[in-house]
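Same order as they appear, the protein sequences are chains L and C.
The first sequence begins at 1 in my numbering and counts up by one.
The second sequence begins at 1 in my numbering and counts up by one.
Some hints could be false.
[Stated by the list, open to error] Restraint-style ranges between C-beta atoms, simulated for each label pair:
# : chain 1 : residue 1 : chain 2 : residue 2 : range
1 : L       : 132       : C       : 84        : 56 to 62 Å
2 : L       : 85        : C       : 25        : 20 to 26 Å
3 : L       : 89        : C       : 228       : 58 to 64 Å
4 : C       : 77        : L       : 127       : 38 to 44 Å
[Said to hold, decoys possible] What the simulated footprint calls covered on chain L by chain C, stretch by stretch (three residues with Cβ under 8 Å from a Cβ of chain C suffice, anywhere in the stretch; the number is not a length):
# : segment
5 : 12-19
6 : 141-149
[Unchecked claim] Facing chain L, from chain C, some residues (calculated, C-beta under 10 Å):
#  : residue
7  : 7
8  : 22
9  : 35
10 : 37
11 : 52
12 : 257
FYI, nobody ran anything at the bench for these hints, they're computed from the structure.
Since this is a predicted model, take the numbers as computed values, not measurements.
Think of the CB as a built atom: it goes at the ideal place given N, C-alpha and C, for glycine as much as any other residue.
The chain contents come next:
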Amino acid sequence: MGNLLPIATMVVAGLLSIAPLHIGWVAAVAPSFTLIATYHWTIYQPALSPGLALFVIGTVQDLLTGGLPGETSVTLLLCRAFVLSHRRYYADRQFPVMWADFSLVTFGAAFGLWALHSLLSAQILELRGPAVSVLATISVFPIVSFLLGRTQRMLIGTD
Amino acid sequence: MPLLPARRAAIERISTALLVAASAVMILIGKTDQVVFQSLRISVMDAAAPALELMSRPAAALDVAAERVHRFLAVYRENLRLAEENQRLLVLEQVALRLSVENEQLRELSKLVPEPGTSFITARVISDTGGPYARSVTVNAGRENGVARGQAAMTASGLVGRVVEAGRRAARILLITDLNSRVPVIVDGSRERAILAGDNSARPSLRYVDGGGAVRVGDRIVTSGQGGVLPPGLPVGLVAGVDGEAARVEPYAVLPRLDYLRIVDYGLGDALPDPLSVAARGGKRTDASGSGLPPPRH
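Put together the whole structure using the sequences plus the hints.
In structure tokens, the structure reads:
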């Protein structure tokens with residue numbers, strides 16, 4: 001049961017990212033809960049959050065939101081690859097360092113998506129929406145990460 | 001946190017590379033051919049509809065509770081406003097009755113072809129746009145409720161968008177603010193035609209204004225009916241700003257706060273055939289409305 005926790009939380013994160021919250025600006029700048037969950041589980045339980053699961057979750061999210069199929073999965077997979085490539089670095093790191101690192105990942109992902117969409121639509125798209133979305137994602141990271149950590153300790157234990 | 005064993009790490013790298021490549025291929029295919037993913041999208045939307053509905057209920061309940069508290073606090077002021085509005089509406093009712101009779105008589109005289117009947121259903125929004133690059137919502141009504149591709153989605157205030165995918169029990173609405181939305185409109189009053197083009201910002205822009213005519217702040221924008229996808233005269237918004245040749249339109253509908261939508265069937269269903277059936281017949285894979293509307297982003 002506990003082994004399914006990372007995937008289950010990523011599915012819930014995906015649904016939360018597209019749930020109608022009816023708060024004026026939130027729909028356009030909703031935090032990417034899926035990215036936070038991916039980052040968290042790749043650090044603490046990479047074996048329980050495989051790339052294939054990220055691919056499926058990202059693709060389903062794109063199909064549901066009307067986005068380009070593949071844009072979310074490629075973001076999540078690259079985030080996972082980045083974290084895995086220097087996983088040694090995360091051992092015994094303080095939370096503020098991880099937060100700063102996640103901020104870099106979020107900026108990178110948002111810029112990549114912005115460049116991709118600008119390229120595909122052959123125009124420079126406005127940066128305000130993605131920028132606020134990045135700030136929203138970085139802002140909620142401590143809370144979501146804390147909740148994921150507590151759930152992890154309850155159901156799986158520490159890695 | 002033990003590190004992954006070397007062999008496992010190598011497999012991990014290869015599988016990640018393959019999945020990233022698969023995602024990139026999907027992006028390219030999705031951008032160049034909307035039909036490939038359409039049936040998959042509809043199936044996923046139908047399958048996820050119950051979960052989305054469940055997730056949207058707490059938010060909807062909170063919204064209703066907040067609205068009730070707000071109304072309770074404003075009940076006295078609201079009563080005064082409604083009394084005033086009632087007086088105005090009584091006068092307008094008389095005017096409408098007179099115009100209705102006059103309209104009937106003029107139609108009789110000019111042998112005008114009657115407009116097709118209009119029917120609508122009300123559906124709840126169960127998923128929001130979910131990101132800065134797509135402006136669409138999903139509603140909890142689909143083909144089994146009479147929803148079909150091309151139908152207009154409205155709130156009481158004005159046009160919200162149109163149905164671009166209709167599953168069995170859910171449908172996706174492309175909002176007028178989406179980068180791929182193009183709606184033929186007219187400037188009410190001057191009757192100048194234009195295209196309302198979304199660009200993912202809150203205020204879509206007016207393009208290709210007939211004869212480059214002057215558009216002024218406060219001008220009312222309604223659908224023109226050109227192309228036969230949407231009927232003429234649906235309220236869209238007001239011109240909120242003019243910067244050089246570009247005019248921005250503030251939609252009447254509050255697009256970031258959509259909870260219930262009216263999906264209206266104006267009897268124009270044939271204007272927008274399903275691209276899947278067009279593709280199956282070997283037809284060109286474009287939005288077949290003939291209105292010059294580009295296909296929705298997929």
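Comparing the hints with the structure gives:
{"no.": "1", "hint": "L:132 to C:84: 56 to 62 Å", "verdict": "39 Å, violated"}
{"no.": "2", "hint": "L:85 to C:25: 20 to 26 Å", "verdict": "23 Å, holds"}
{"no.": "3", "hint": "L:89 to C:228: 58 to 64 Å", "verdict": "60 Å, holds"}
{"no.": "4", "hint": "C:77 to L:127: 38 to 44 Å", "verdict": "40 Å, holds"}
{"no.": "5", "hint": "12-19", "verdict": "holds (count 5)"}
{"no.": "6", "hint": "141-149", "verdict": "violated (count 0)"}
{"no.": "7", "hint": "7", "verdict": "14 Å, violated"}
{"no.": "8", "hint": "22", "verdict": "7 Å, holds"}
{"no.": "9", "hint": "35", "verdict": "13 Å, violated"}
{"no.": "10", "hint": "37", "verdict": "5 Å, holds"}
{"no.": "11", "hint": "52", "verdict": "7 Å, holds"}
{"no.": "12", "hint": "257", "verdict": "5 Å, holds"}
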